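Colleague: Protein chains in written order, with the working numbering: chain A, 1 to 370; chain B, 1 to 124.
Source of the hints: derived by calculation from the structure; they are not laboratory data. Don't take each hint at face value.
Claimed, not checked - Below, a list of computed lysine-lysine pairs in the BS3-like style, where the Cα atoms sit at most 25 Å apart: (1) A:K19 to A:K213; (2) A:K19 to B:K121; (3) A:K261 to A:K110; (4) A:K124 to A:K110; (5) B:K7 to A:K351; (6) A:K351 to B:K98; (7) A:K110 to A:K72; (8) A:K277 to A:K261; (9) A:K46 to A:K72.
Said to hold, decoys possible - So these bits of chain B aren't anywhere near chain A, every CB distance computed over 12 Å: (10) T2; (11) G16; (12) K98.
These numbers come from a predicted model, not from an experiment. Built from N, CA and C at the ideal position, the CB exists for glycine as well.
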Amino acid sequence: MSASSDETLHITPLNALHKELGGRMVPFAGYEMPVQFPSGILTEHKHTRAAAGLFDVSHMGQVRITGADPAKSIERLVPGDVQALEVGRMRYTMFTNEAGGILDDLMINKRADDLLVIVNAACKQQDIALLQAGLPDCKVEYLADRALLALQGPEAVAVLARLNPQIAALQFGQGAEILLDGISCFVTRSGYTGEDGCEISLPADAADAFARKLLAQPEVKPIGLGARDSLRLEAGLCLYGHDIDTTTSPIEAGLTWTISKRRRAEGGFPGAGIIQKQLAEGVTRKRVGLRPEGRAPAREGTDILDISGNKIGMITSGGFGPSVDAPVAMGYVAAASAAIDTSINLLVRGKPLPARISAMPFITKRYAKA
Amino acid sequence: MTLYFTKDHEWIDVAGDTGTVGITVYAQEQLGDVVFVELPEPGRGVKQGGEMAVVESVKAASEVYAPVSGSVVESNDALAADPSLVNQDAEGAGWFTKIKLSDSGELGGLMDRAGYDAFVKSLG
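So here's chain B without its partners, still in its complex pose:
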């Protein structure tokens, strides 16, 4: 299992040809209280950097982008009942989807934890 991060504040934890995707702790802090998450149906194809899900806070709706291309194999049904899981455990129980990667080469363009932490720090 290897963890990667995007500049749009998504994470993907890859095991074999499948990755679990969510938004980062920093992203949920910026969003504030999450009240609704719109997740893709299993089977849907996604493109790296393309819209994958929508996360709604009290204030605003934000798009969540797919960190890799592939097809959605599962979405986290627990978020429908309790969207606050995204705030409580963004990089754990608050995961969004599992994606079967179509091109593992795309992972090369993502950051590791140290790279992402440095990126967030640079945002001030």
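The following block holds chain A by itself, in its conformation from the complex:
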């Protein structure tokens, strides 16, 4: 519950700022990160949906890939259609294994001279090793000297446009090199909250001053990992290691939309045979949204039962949705029970809690039109 003094924890360039702002620091994926600031998770969550929240995501891995045709090369490792990406566009995809499971999920940004790949902090070393081994025809560089910030919420773009009006021209899913406060940043209009906003890659040594500049804007408040988790859960977005992992396929996870027609037909990524078979024949379980009745949250690991009491699955993420103002969850259930509005029970502290299968996201997404 208290801050760890573990000397092996890494810190981000904003560590001192987090502490100065009263962040409650916790170990997360090998980093000392703020789980919340003094205003608390509920307030931070609602502030992000109402104005603009600043997130430090510098613990995530930023990897630059150069070579003759890195877009073609990386398709050996992911089912996403990277070759179809135009310069200045980004794609969500995942590293798959031979069983069709997911090793990590990632964003690939296509830039004029390279690919910028953003991976999860906990999988960083493994992903870099995978890229180096799988792309011998490319140069794979870990950008240890870059910080990554996210400014999310309905006011986020207006705040950044104050620093450079070019920001407003970015469409959702687009990225560009943009000068912000004299700093050369790579900015994408994207995020992990269900809100409009941007993610900003910038030199680590400029991050502290830049974050302070953003926090000086009246719309902006610092947001910790706690609200980051509740925001993405309400948005129906997967958290690696929980909602997706080596035992779940992209098809079971409802991420079929990330695989283009060409990639489905051609394959050529690890586990392609299994994933193609699942696409053709269907899957036995699916990731679904869950809405418990009443106010009691159902957490990760909770068994999901059909109305006859048979176990049909398990919750992979669950908690209280501050904007929904009710408990929300996601998990995997047998395909036969996956239809929206199916009544199920959640086994919470030994008692069945009535719930139903729900569409996701749980909130209305407000991304800028692509």
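The hints should help you fit chain B onto chain A, whose structure is shown.
Modeller: For chain B alone, coordinates are given in the frame of chain A:
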């Protein structure tokens, strides 16, 4: 009325043979925003140190232990409508239950306010 505290951060305010029980200001600070409280039904027996209630924050569920043995005579219905009372007034309107003590001797093992404050300080 005498106030006692446990190392698990519950308080009990004893008047006669009945005590009002809740979690401390320190405990609610550690938990963060409380979104749900599961309280025991009146009549249920509880054992000192045994599970009595569950408090859920946005992040996690935490068990609340009975500071004394006895039987539950009342639970705070106001927490169902407004669980944030636990954050706003943990040692007042955010009380959890009233317990009829079966062994007032158990109170001897609990801390007073000064002892509890020193204990919290020692946690750093």
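Colleague: Each hint: holds or not?
Modeller: Against the structure, the hints:
1. A:K19 to A:K213: Holds - the C-alpha atoms of A:K213 and A:K19 are around 17 Å apart, at most 25 Å.
2. A:K19 to B:K121: holds (20 Å)
3. A:K261 to A:K110: Given that 25 Å is the threshold and the Cα spacing comes to 20 Å, the pair holds.
4. A:K124 to A:K110: The hint holds at about 20 Å.
5. B:K7 to A:K351: violated (29 Å)
6. A:K351 to B:K98: With Cα atoms ~24 Å apart, A:K351 and B:K98 stay inside 25 Å; holds.
7. A:K110 to A:K72: holds (12 Å)
8. A:K277 to A:K261: holds (14 Å)
9. A:K46 to A:K72: Violated: A:K46 and A:K72 sit about 41 Å apart, past 25 Å.
10. T2: holds (28 Å)
11. G16: Given a closest Cβ separation of 32 Å, the condition holds.
12. K98: holds (22 Å)
Checked against the numbered hints listed earlier, the structure breaks hints 5 and 9; every other hint is satisfied.
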